Structure formats: C-alpha cells, structure tokens
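K.L.:
Sequence:
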Amino acid sequence: MSDQHDLADTREHGQNSERAPSAAPRARRADTADLKRRLGPIGVWFGHTLAVAPAATVRQAARELERLGYGALWFGGDGPGTKEAVSQAAILLSATERTVVATGIASIWSRDALAAATAATSLAEAWPDRFLLGLGVSHAKLVAARGSEYRKPLTAMRSYLDAMDAVDYPGEPQPAPAPRVLAALRPKMVGLARDRANGAHTYFTTPAHTARVRATLGSEPLLAPEQAVVLDTDPRRARATARGHMARYLALPNYVNSLRELGWDDADFADGGSDALVDAIVPWGEPDTIAARLREHRDAGADHVAVQPLAATLPEQVTALGELAPVLLG
0 MSDQHDLADT
10 REHGQNSERA
20 PSAAPRARRA
30 DTADLKRRLG
40 PIGVWFGHTL
50 AVAPAATVRQ
60 AARELERLGY
70 GALWFGGDGP
80 GTKEAVSQAA
90 ILLSATERTV
100 VATGIASIWS
110 RDALAAATAA
120 TSLAEAWPDR
130 FLLGLGVSHA
140 KLVAARGSEY
150 RKPLTAMRSY
160 LDAMDAVDYP
170 GEPQPAPAPR
180 VLAALRPKMV
190 GLARDRANGA
200 HTYFTTPAHT
210 ARVRATLGSE
220 PLLAPEQAVV
230 LDTDPRRARA
240 TARGHMARYL
250 ALPNYVNSLR
260 ELGWDDADFA
270 DGGSDALVDA
280 IVPWGEPDTI
290 AARLREHRDA
300 GADHVAVQPL
310 AATLPEQVTA
320 LGELAPVLLG
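Reminder that position 125 of the sequence shown reads as 124 in numbering that gives the first Met the number 0, one-by-one numbering, no gaps.
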C-alpha cells in the first residue's frame, strides 16, 4: 500500500485471477483474542515521516505516544527510500515498555521467508507479546525497483507463508510465535488472511469496506484498518491536505478498483478526488468528528483502528495525536 504501505497489483486481484485459498498447513499460531486485547481499540500509524526521521526522534516519539496511552504503533515502509522494517521495529520496541509495534507492512520481497520467520520470532522472544508482523505483497513497480520479478500476489503470499511455517527456530524452549496479519483489500487476500494469519490490516478504506472485510473474515480474526485524519476545521485547507495524501493512491489501480466496488466512479477520482470521496477517505475537523469516524469503523466490525494524522513531520503528528488522545482514549 504505497512505499509506506506496500501495494498489490490490481490485475492480480481480479475475481477470476486465482483460485480460492486452499486449506492451510497446520502451524503454531499466536492467540488472536489475546492479540486483540493487547492492541486495544486505538493505535497510531506512520508512513514516510517516521521512515525519514532520525532514530533519536523516532525513539522520542514512541515514548511520548506510550505516555499518552496509545497501545500500538504501526509503521509503513520497507520499500525504496524507506528504512528496513525489522530494524525499525527493534528501535521502536527498545524505546518503549508496553507498546505493541506492528509492521504495516513488511514486504515479502524485502527478505526471504526464512529471514522473515526468524526475525519475527527473534523480536517476539526479545520483547514478548509486543511485536506484530504485518506482511504484504507490495506492488510490481516497487518489486522491479529491487531487481526482483513480481509474481501473482495470492500465489506468492501463500508460498511465502508455507515457507515461513516450515522454519524451525533454533533453541529450547521454543518461544511463542509472533502474531501475523496480511495487508488485504479484496476478498481473496482477505480469505488468505483469515485462513493463514491472525487477521487483516487494511489501508485507504472506509467503514463500508470494513464491513465487507469483516463479513469475509468472520468474527474471530483481527481486523485492523488504518484511518488517515486531518485535525483542521477549515474545509478548504483540510481537504487540500487530504488530497495531497490521496493523490498517490488514486493513481494506483488496486485502490481505485476497490473503491469502485464500493460504488465510487470516475467522477469521484478526477481532480484529486471529489469532496464526497475525500471526506469518506480522510475525516477532518475537531477531535470529536474524527472520533466519530473511528467509531464507524468499530461499529462496522473493526477490532482496532490505527490513526494516521496527516502532517509534514513526525513531531507534528505526535502533537496532533496528543490533541486527539483525550477524545480517542478517554
């Protein structure tokens, strides 16, 4: 989902492009109910601002967010121009005491399955109950930039999970496995998230999409959408900020096709997005208005919502989250 939240090629997500997920191999899996409890209902999500911030600034931000009471910190990246996901997770985990740190997401093209499995288990062993591995299939252009060959997303992810589940972690006793979620927008990848992971992490979505994903997942798996927000009451300025964020995603077919399935059309995608689409994707205004949108996701079936305040720098985002905290966490 972008170079912050890796993307899937829409052409491979068509309804007839691949068969439905097959039965999963039996493998140890982290307890989903316990994961939901540890995440809590509200977390935070960062993209490019976290990726480019110095490590000292990242540590300071993580400590402040923990002090404010946010239970989980999701971060995107793991693509060209960003920091490596496992290293970034270790920085965040070492800076905090209670926060659950989640990759949103780690690309399956950034490391092989053995490296992903052992890295996730290493972090879970060092910081028990505090690391969540989010995996995604990325986007063809980003994979090509790595010099790799992009393959059908569902097939690639299924094979990757098979290989991860075959890895034996060294040492005794065996540590508890790290929970994992899959980046998923459309039904077949959501089905794989249901069958082979602890649930799904969605991005650039609406509460209507959350309801559809919950219907596919069923009641037990985790559903954790990201929600971008603008803490600004001026309509023109707030929508301009939102359009700046949305532009890259409206240029990508997988997001556009997902929105089409929800009833949006070409008129909504033109000129940076119609006001209606902008308001549906990025709520703006007072903290109470933003809190209401998060409740809509929860009412639609989300277990946890990761809030991404749109701002130019990481410190500005932390300030916005401080303003939101009394309403979101109170």
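Hints should not be assumed to be uniformly reliable.
Restraint ranges, calculated between C-beta atoms of paired labels, are given here [unchecked claim]:
(1) 62 to 86: 54 to 64 Å
(2) 125 to 275: 42 to 52 Å
(3) 286 to 170: 31 to 41 Å
(4) 318 to 247: 17 to 27 Å
Below, computed lysine to any residue pairings styled on SDA-like, alpha-carbon distance capped at 20 Å [stated by the list, open to error]:
(5) 187 to 82
(6) 187 to 252
(7) 82 to 66
(8) 35 to 217
(9) 82 to 51
(10) 151 to 168
(11) 187 to 256
(12) 82 to 118
Calculated from the structure, these hints are not laboratory results. This structure is a prediction, so every number in the text was calculated from the model and none was measured. A virtual CB, placed ideally from N, CA and C, is assigned to each residue, including glycine.
K.L.:
Does each hint hold? Answer for all of them.
P.N.:
Each hint, compared with the structure:
1. 62 to 86: 54 to 64 Å: 18 Å, violated
2. 125 to 275: 42 to 52 Å: 46 Å, holds
3. 286 to 170: 31 to 41 Å: Violated: the Cβ-Cβ distance is about 47 Å, outside 31 to 41 Å.
4. 318 to 247: 17 to 27 Å: Once the Cβ atoms are compared, 24 Å apart, the range 17 to 27 Å for residue 247 and residue 318 holds.
5. 187 to 82: 29 Å, violated
6. 187 to 252: Judged against 20 Å, a Cα distance of about 17 Å means the pair holds.
7. 82 to 66: Between residue 82 and residue 66 the Cα gap is close to 25 Å, so the pair fails against 20 Å, i.e. violated.
8. 35 to 217: Satisfied, since the Cα-Cα distance of roughly 15 Å is no more than 20 Å.
9. 82 to 51: Roughly 8 Å between the alpha carbons, so the hint for residue 82 and residue 51 holds.
10. 151 to 168: 28 Å, violated
11. 187 to 256: 14 Å, holds
12. 82 to 118: Judged against 20 Å, a Cα distance of about 16 Å means the pair holds.
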